[in-house]
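Trainee: One letter stands for each residue in the lines below.
Number of protein chains: 2
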Amino acid sequence: MPSNSNTIYYTLTDEAPSLATCSLLPIVRTFTSAANIDVKITDISLAGRVLSSFPDYLEEDQRVEDGLAFLGDLTQDPAANIIKLPNISASIPQLKDCIAELQGQGYAVPDYPENPQSDADKDVLQRYGKSLGSAVNPVLREGNSDRRAPKAVKEFVRKYPHSMGKWSMASRSHADYMRDGDFYSAERSVTFADAEDIRIEFIDANGEVTVKKALSMQAGEVLDSMRMSAAALREFLEQTMDDAKHSGVMWSLHVKATMMKVSHPIVFGHAVTVFYKDLFEKYETLFDELGVNPNNGLSSVYEKIESLPRSKREEILEDVHACYEGRPELAMVDSVKGITNLHVPSDVIVDASMPAMIRNGGKMWGPDGKAKDCKAVMPESTYSTIYQEMINFCKTNGAFDPTQCGSVPNVGLMAKKAEEYGSHDKTFEVDAPGTMRVVDSTGNTLMEHTVEPGDIWRACQTKDEAIRDWVKLAVNRSRASDTPVIFWLDRNRAHDIQLIKKVEVYLKEHDTEGLDIRIMTYVEAIRRSMERMIRGSDTISATGNVLRDYLTDLFPIMELGTSAKMLSIVPMLKGGGMYETGAGGSAPKHVQQLQEENHLRWDSLGEFLALAVSLEDMGIKQGNAQATLLAKTLDEATGKLLANNKSPSRKVGELDNRGSHFYLGMYWAKALAAQSEDTELAERFAPLAKAMANAEKDVVAELERAQGKPVEEEGYGYYHADRAAVKRIMRPSATLNAILAEINS
Amino acid sequence: MPSNSNTIYYTLTDEAPSLATCSLLPIVRTFTSAANIDVKITDISLAGRVLSSFPDYLEEDQRVEDGLAFLGDLTQDPAANIIKLPNISASIPQLKDCIAELQGQGYAVPDYPENPQSDADKDVLQRYGKSLGSAVNPVLREGNSDRRAPKAVKEFVRKYPHSMGKWSMASRSHADYMRDGDFYSAERSVTFADAEDIRIEFIDANGEVTVKKALSMQAGEVLDSMRMSAAALREFLEQTMDDAKHSGVMWSLHVKATMMKVSHPIVFGHAVTVFYKDLFEKYETLFDELGVNPNNGLSSVYEKIESLPRSKREEILEDVHACYEGRPELAMVDSVKGITNLHVPSDVIVDASMPAMIRNGGKMWGPDGKAKDCKAVMPESTYSTIYQEMINFCKTNGAFDPTQCGSVPNVGLMAKKAEEYGSHDKTFEVDAPGTMRVVDSTGNTLMEHTVEPGDIWRACQTKDEAIRDWVKLAVNRSRASDTPVIFWLDRNRAHDIQLIKKVEVYLKEHDTEGLDIRIMTYVEAIRRSMERMIRGSDTISATGNVLRDYLTDLFPIMELGTSAKMLSIVPMLKGGGMYETGAGGSAPKHVQQLQEENHLRWDSLGEFLALAVSLEDMGIKQGNAQATLLAKTLDEATGKLLANNKSPSRKVGELDNRGSHFYLGMYWAKALAAQSEDTELAERFAPLAKAMANAEKDVVAELERAQGKPVEEEGYGYYHADRAAVKRIMRPSATLNAILAEINS
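Here the protein sequences line up with chains E and A, keeping their order.
Per UniProt numbering, the first sequence starts with residue 1, numbered consecutively.
Per UniProt numbering, the second sequence starts with residue 1, numbered consecutively.
Check each hint, because a few of them may be wrong.
[Claimed, not checked] Below, in silico cross-link-like pairs of lysine-lysine (DSSO-like), each with a Cα-Cα straight-line distance of 30 angstroms or less:
id, chain 1, residue 1, chain 2, residue 2
1, E, LYS166, A, LYS277
2, A, LYS166, E, LYS245
3, A, LYS96, E, LYS372
4, A, LYS212, A, LYS130
5, E, LYS690, E, LYS40
6, A, LYS372, E, LYS166
7, A, LYS245, E, LYS245
8, A, LYS245, A, LYS96
9, A, LYS372, E, LYS370
Read the hints as simulated data drawn from the structure, not as lab findings.
Please take these sequences and the hints and turn them into a complete structure.
Mentor: Written out as structure tokens, the structure is:
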């Protein structure tokens, strides 16, 4: 591998961020090149990943490099410096759309095999599996996670707070979860003193043993196993629906099918078949024949019945509607289009939907378009309790006040696919009564669960190296920011009991004198963090991988109105750094607006912030003072952009993503021209600052003129776009293009 | 004072307990006399206290000893052994009723002066003041408080749990309280290093100083001062009514006007005049003339307008009803009789009404007799937050399950009228704008508050000796019961900051090795206690005086269904002991049933339990082994009584209070006859055991026959009963009377 010391790898992803990249990068490179830093693009888009999985199906000139694999290798390089933009965590429907689009563009990738029978089908399915769900993050996150609100953003929000829905003390909203029979209640966990080969086995009623998986555990590694009872889950779902119906609140499901991509779609599917119980019972045979998969949501019914005669379709649709009679109102994803919470699993992800509800005074949107109180159902109780705690807190103390709020930065255990993130290949839907067990190389049973058909069983691994680094990162962040740390570890949970032992040992490796470091259950921890937060104090949350994911949306959305404005850093185990941007997803609605109005409301603030930390780290690691100066001036420019309100507007005709890039460039150039630390850079950027200032009116006018009509570009695809076409769309200002061409010439 | 070593002083109080005493004592004395223990009655009834206050108004033969003063002196005797039954904490209306009854019986006690003008009137008012509210407890409680659920009771409840209302997660009920402007937010506190004479002063707008009170502080004493803003209170009340109206829940007030007998009636009065704002504004002049006092509730309006012509009265009543239009539904004390929560202040005491609501699934009774969700308004936030915490907890975890629940015993700081309990003579309703301040003997201002007319200002004292003894008691109880202790002290509250310092010092005086002792805010403490409680674990709450009062109803009502079954011990500072019974009040409804049906459902369980501890302590302190044996066998008898369900029934014709006393005596005699520790006692009680067993059917039949018709006894008064008449009512079984006469002859 060549030296990467002076290279920033900037990921090309999907949807809005990939569009924004096309506008932003030419500006960024104008600056970084002055410090001899190369910004290289690596394609990790869904389409790119699909194409790179099937070289044998493609013409030679259609084949693409596997960008994700490249970056995966790069994470092992101490000089790695990666800026990672949000990408699609594809659901099956999304993946199938992408495949169809690629096929339409002439790429002979195979169909997604719904019912793989042949070995060839199974091979295809296995290859596609690598592009499903959270496929990118587990590969790249070769370190733990450091997420925090940048000072500039926090200051901006204190002055210009986002709106917060009012909470009523009489709100009926709440979060409900299983009290028994779920993963939490049946979790077992062991730590391996020495390296050990283990097997996951199923023993059927006749005692016949099937090896489901063989694994090599490292010394110090933690292995959990857990079981969710399908019967208990279905009974719970039924009860919650009855209860919501009875108490007159809407019913809403919240899972994380994208991340827990094997277990949670099954949970989602149970919700669909319980809610529409009469429908699925009546058409059991037909739906089987049609290949309806409730795990993909009610949309699967709509999709599969398309092939039926009209009269039959109408009969089924009537039966769908009949189901609503005995059920509570369903919370809607899109009440205008009639898209309910049970339509597709990717629409109801916990970490996005729950903060939205809480920020909205505990209300979700009903079928009539009105905001209403809601029973938020999160079957697996492990992490759900924190939402109920926050709901109770808001009922008692009112909505969080962004102008007064402290912050809850996160240090997340993430490295080496820690915990549930690494469970996908160890998750099984049981199809016969029996026992799932984990045995060591000598045949000793380490953990076991009695299981029934339909139960979900999974195992999760956590590497000792990751835990040790996580503790170090937490201590370092506490020291660096003079902020207390709470390790969110539940002394009643099997896995956390193992972790608490390790945390207590590894804390001793550090100087913790004068630091306030505590270990608390999730509910205690969130309560303390909130109590401090409303009094303006910050508290670092040191959490496991799932809570990292949840909290880095939950708190930012309260504090900042969005998680996209967070700094998200992955200090790699091997010494490199990854700087993630915009945890808020890849914004398909933004693309829709662009297509209809040629206005892109994506805010690249996350990219600005990530780039600044990326440059700052490069400055330190490579002793590149110019990089350090670029970082500093970029932060100044970002602060100015916020203060002058040059972020993209949501409305067509106003400043959009492209315009905000122009302003960032102008402020950055001005900041460099104005500084006296490095006269070479000052002189270099003074003309650019001047040119951009002079051109401000023209550029803004040109950008505005481009808006207001649908985008009609040849070769433009949703998943796989022709880059030249994207360039025409995203760089419409001839004046700006000319200025950049001039300075880079 | 003669030696009290072998004397138990048993208090004669009011209402149901005083009736029960007449039946129980002859049985008790039959046993105690065997151990040479004398059980003497001391009258501390409301009527007795009134009579003893006015010897100069009475005929010589009408004069009575001041039983309360006698017991007050006795508390200083290391040999003191007092069994204290529940007595009336009189509101002004109750006191006036009592006066009228005494006058009707020929006692020339003076009228209660509503508007004292003359010095004579003021003297009368001052004498009556000593009988108002919690007048008895502050005199007798010359020690801190040790309250816990007796093992026998806890075991009984685990087997035969009381009913608990179901909690819905969608419940709208909540507790609301002031966020600013109340006592909590304006509390100041100082600790005096040395003895110091201080003055409480009011400075008016012209700088003129009025001394409101001079006090001598002891070394180490804590003095607090606090202010509740009338304007803030009224605005808060108005807001809560609007909010309840808007969100469709009932509105309910919860204060403690009996205990905080100066400050809380004023708070209550504001609630009345805000709720019925239009009424009080319209009739301001008339009501002033009539002497309507809203601090006595809406009942004061009803009472005072009696003197008006019918047409005027009807006009006013129509205007009362018109007030309900713009207001939320009011929670009812008695929906059948139309008695609302704002009728009289003594009906809405926090410690009784809030647990009842929480036990009832968060519901109170509406005007239509239906149980409904409620906004429970407790203006002063200091202690209110714990109820909101418990409500949220029940919404999340469901109702407490008595069969699984752990216990929350209390060690309460109570000695020397600690804290708010001693505030009555230092509470002032401000009548002009200015400053209230506390100055030391050299004129230095120690604490001050800017005040407006109507504001309530009060000071509270806590003696160092009491705090030190409280810490000792908490450590002792923790050690004796092997139970963790939480000191409920709020590090954000001025008073508690002083206490925390002392607790930290005094804890060092004890061996706390191996004990789990923590200091937590009220909300943290109740949360932790509840989390442990639902998992079956006990947690001692070491609290201040008001929380002692509140918690020793709140937790027992959840755990045991009633607070009357708690052991309530006051280990006196001077070494004596007081054993309180039945914290559940003196049960006026029971008396009503007795009068109508001659059935007394009062449960003397509290007396049984208290007597056992009283005897146990006497055994230890006086080296009286027979007392110890009596205690042990009494507890056995009580356990048997519970197990055999021989407690009083609520229904006429079934076993009542008198019958339960018979069974207690029979089981006690049997236990003594069966033991082999003391053959003298065994032989002495064997005949009684036999006689009672043989007479069981007859006695029960005789007791049953007495029931079912109204009591019509000459000389029977509600407050001041002829003891001979009470004896005829309460000892109707000739068979039982004969058996007792026989053994005592």
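Trainee: Can you give the numbers of the hints that this structure goes against, from lowest to highest?
Mentor: Violated: hints 3 and 8.
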